[in-house]
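2 protein chains.
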Amino acid sequence: MNRNIIGIEEIASYIPEGRISNYDRKEQFGINDHFIEKKIGVKKVAIKAADEETSDLCFKAFGALSNKINIEKGKIDVVCVITQNPDSNIPHTSAKLHGLLDLPEKCACFDISLGCSGYVYGLSIIKSFMDENYLSNGLLFTADPYSKIVDKNDKNSSLLFGDAAAVTLMSSKPVLKLGRSLFGTIGKQYSALTCENGKLFMDGSAIFVFAAKYVPEDVTALLKINSLLLEDIDRFIFHQGSKYVVNTISSNLGLDPARVAFDIYDYGNTVSSSIPIILEKEIVKKENKRILISGFGVGLSWASGILNRL
Amino acid sequence: MNRNIIGIEEIASYIPEGRISNYDRKEQFGINDHFIEKKIGVKKVAIKAADEETSDLCFKAFGALSNKINIEKGKIDVVCVITQNPDSNIPHTSAKLHGLLDLPEKCACFDISLGCSGYVYGLSIIKSFMDENYLSNGLLFTADPYSKIVDKNDKNSSLLFGDAAAVTLMSSKPVLKLGRSLFGTIGKQYSALTCENGKLFMDGSAIFVFAAKYVPEDVTALLKINSLLLEDIDRFIFHQGSKYVVNTISSNLGLDPARVAFDIYDYGNTVSSSIPIILEKEIVKKENKRILISGFGVGLSWASGILNRL
Numbered sequence: 001m002n003r004n005i006i007g008i009e010e011i012a013s014y015i016p017e018g019r020i021s022n023y024d025r026k027e028q029f030g031i032n033d034h035f036i037e038k039k040i041g042v043k044k045v046a047i048k049a050a051d052e053e054t055s056d057l058c059f060k061a062f063g064a065l066s067n068k069i070n071i072e073k074g075k076i077d078v079v080c081v082i083t084q085n086p087d088s089n090i091p092h093t094s095a096k097l098h099g100l101l102d103l104p105e106k107c108a109c110f111d112i113s114l115g116c117s118g119y120v121y122g123l124s125i126i127k128s129f130m131d132e133n134y135l136s137n138g139l140l141f142t143a144d145p146y147s148k149i150v151d152k153n154d155k156n157s158s159l160l161f162g163d164a165a166a167v168t169l170m171s172s173k174p175v176l177k178l179g180r181s182l183f184g185t186i187g188k189q190y191s192a193l194t195c196e197n198g199k200l201f202m203d204g205s206a207i208f209v210f211a212a213k214y215v216p217e218d219v220t221a222l223l224k225i226n227s228l229l230l231e232d233i234d235r236f237i238f239h240q241g242s243k244y245v246v247n248t249i250s251s252n253l254g255l256d257p258a259r260v261a262f263d264i265y266d267y268g269n270t271v272s273s274s275i276p277i278i279l280e281k282e283i284v285k286k287e288n289k290r291i292l293i294s295g296f297g298v299g300l301s302w303a304s305g306i307l308n309r310l
Numbered sequence: 001m002n003r004n005i006i007g008i009e010e011i012a013s014y015i016p017e018g019r020i021s022n023y024d025r026k027e028q029f030g031i032n033d034h035f036i037e038k039k040i041g042v043k044k045v046a047i048k049a050a051d052e053e054t055s056d057l058c059f060k061a062f063g064a065l066s067n068k069i070n071i072e073k074g075k076i077d078v079v080c081v082i083t084q085n086p087d088s089n090i091p092h093t094s095a096k097l098h099g100l101l102d103l104p105e106k107c108a109c110f111d112i113s114l115g116c117s118g119y120v121y122g123l124s125i126i127k128s129f130m131d132e133n134y135l136s137n138g139l140l141f142t143a144d145p146y147s148k149i150v151d152k153n154d155k156n157s158s159l160l161f162g163d164a165a166a167v168t169l170m171s172s173k174p175v176l177k178l179g180r181s182l183f184g185t186i187g188k189q190y191s192a193l194t195c196e197n198g199k200l201f202m203d204g205s206a207i208f209v210f211a212a213k214y215v216p217e218d219v220t221a222l223l224k225i226n227s228l229l230l231e232d233i234d235r236f237i238f239h240q241g242s243k244y245v246v247n248t249i250s251s252n253l254g255l256d257p258a259r260v261a262f263d264i265y266d267y268g269n270t271v272s273s274s275i276p277i278i279l280e281k282e283i284v285k286k287e288n289k290r291i292l293i294s295g296f297g298v299g300l301s302w303a304s305g306i307l308n309r310l
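Chains as they are written, first to last, in the working numbering: chain A, 1 to 310; chain B, 1 to 310.
One or more of the hints may lead you astray.
[Unchecked claim] List time: in silico BS3-like cross-link candidates among lysine-lysine, alpha-carbon distance up to 30 Å:
1. K177/B - K286/B
2. K188/A - K68/B
3. K286/B - K188/A
4. K173/A - K38/A
5. K106/A - K44/B
6. K177/A - K106/B
7. K285/B - K148/A
8. K177/B - K148/B
Derived by calculation from the structure, the hints in this document are not laboratory data.
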């Protein structure tokens, strides 16, 4: 039996309609338009309905995928959900989703616990798992609704995080193929981003200092192991943590801002969904022959990869 | 760069010293010695100290591994923790463990959320991830301390579940190599095993009926895709859910009980650690040329694989 070349065939996403405007919170948090538009780059954060569960967000992302492409559900071999805000810890959200989507019994399901680096990890994990097990059709979901844990009075997180989900169809008919990836962890700094007793804590400046140093270094190392130069990349998609962090990473790499994606004004930092939501828009542009993606955050953790158009 | 053949080099485990005796609870639960010894096969359940976290159990399992084999921590490329009872949901437990173990920055860390099928899944996931990313040394931890969520007055779960952790060193110098694996899910039956608001609920008879039907079918299919017969397997290690479920699966497959491992009398059903704790004892027996492992539970989910001695 031959192994297939597994890669990204299609991407779809779901961003809930609910919004909280940051302009309405200027007085509460002592911020101004410059801070909203130039510093964080988030005008509104998307917020799910109170009764929408993580699996529901995934289910709706799958609905968006089905509107784009015909999915034969009976041929789905694996479902992976990246989340640190599951419906509950037992069972895994992918199992609930398996039931909601009415998928076949011979379908592997597992969740991966990772934050903003999760999509890059997830692509490599599901791709290699599919190769290893001769699987042809996989669904990689990201859904990490931080509204479950964000304290609305915490300026550090409340103005930034939005709810969303994305689904990436991995198949043996890919549009984008994965190059080599790199992964890293500084577990000793985990306390910069934690959730205890249902409350998120984020030391934004510690994460910023970490990302500004490690992500450019990682991108440089990634290009080297892929035998590529910065010029060989058509589009850079960094985790959309904030406008300031994306600009700083770009600047530290000496990148023209026009080559770097940033577009979360309307919905915020959607954690592991931030890269696939942007990638969904970039995948249709045929001039993007080679895309670099890099995620960073909770752990502290980072991961970078190259996507090559076939 | 050549890809290595990644497999299991060594296994170690940690079972906390604390025990609750089921003989002391005969009156409370209306059970007798026959039930304890012949039906569930659990005389005592292991229980961690109140201040021992999931990452601590993993850390101690790593200590046991270090006592067996010299580990160069600077060469560890990936850490994966299988758990549905993490220290907390953010960060992932593997990141905390990365810090506790003082591992290098160029080390991938992620958690997988799965229950009793988790070890078989985890082996395939970490093996394929290591192959894909040219990694040579990985640590696969299982640690799912159910004492965090078991209601001590719930007969269905309290007499069964024990706390433990195991660690499997995956390397390019394997003793056991993975054959092909199979995975399955019935998400529509997830409600048979859940945790809501910190309390475990288990419909033991639903899980039993599921396992008695699906696991033998899966083993038969697994042997077929590996071009093997039941006689070709030297040792069968099923998830140690209870003596009754292991015996029923064995009987449904027509297996001589002497070929099937069962040994949880002293510590109980340790969820995803149940297979590696037994495998640790079986790996040293050179006559075990081919071992079949199969896990089943939360999801509902199952996974089976073949381990071949090199």
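We went through each hint and held it up to the structure:
Pair hint K177/B plus K286/B holds up; C-alpha atoms about 14 Å apart against a cutoff of 30 Å. Restraint check for K188/A and K68/B: satisfied, since their Cα atoms lie roughly 26 Å apart, inside the 30 Å limit. For a cut-off of 30 Å, the pair hint linking K286/B to K188/A is broken: about 40 Å separates their Cα positions. In summary, the hint linking K173/A to K38/A is not supported, as the alpha carbons are separated by about 40 Å, beyond the 30 Å threshold.
For the given pair, K106/A sits about 36 Å from K44/B by alpha-carbon distance, which is inconsistent with the 30 Å threshold. For the hint linking K177/A to K106/B, the alpha-carbon distance of about 23 Å falls within 30 Å, and the restraint holds. With a CA separation close to 50 Å, the supplied pair K285/B and K148/A exceeds the 30 Å bound. Using a Cα cut-off of 30 Å, the hinted pair K177/B and K148/B is violated, with the two alpha carbons roughly 34 Å apart.
Hints 3, 4, 5, 7 and 8 from the earlier list are contradicted by this structure; the remaining hints agree with it.
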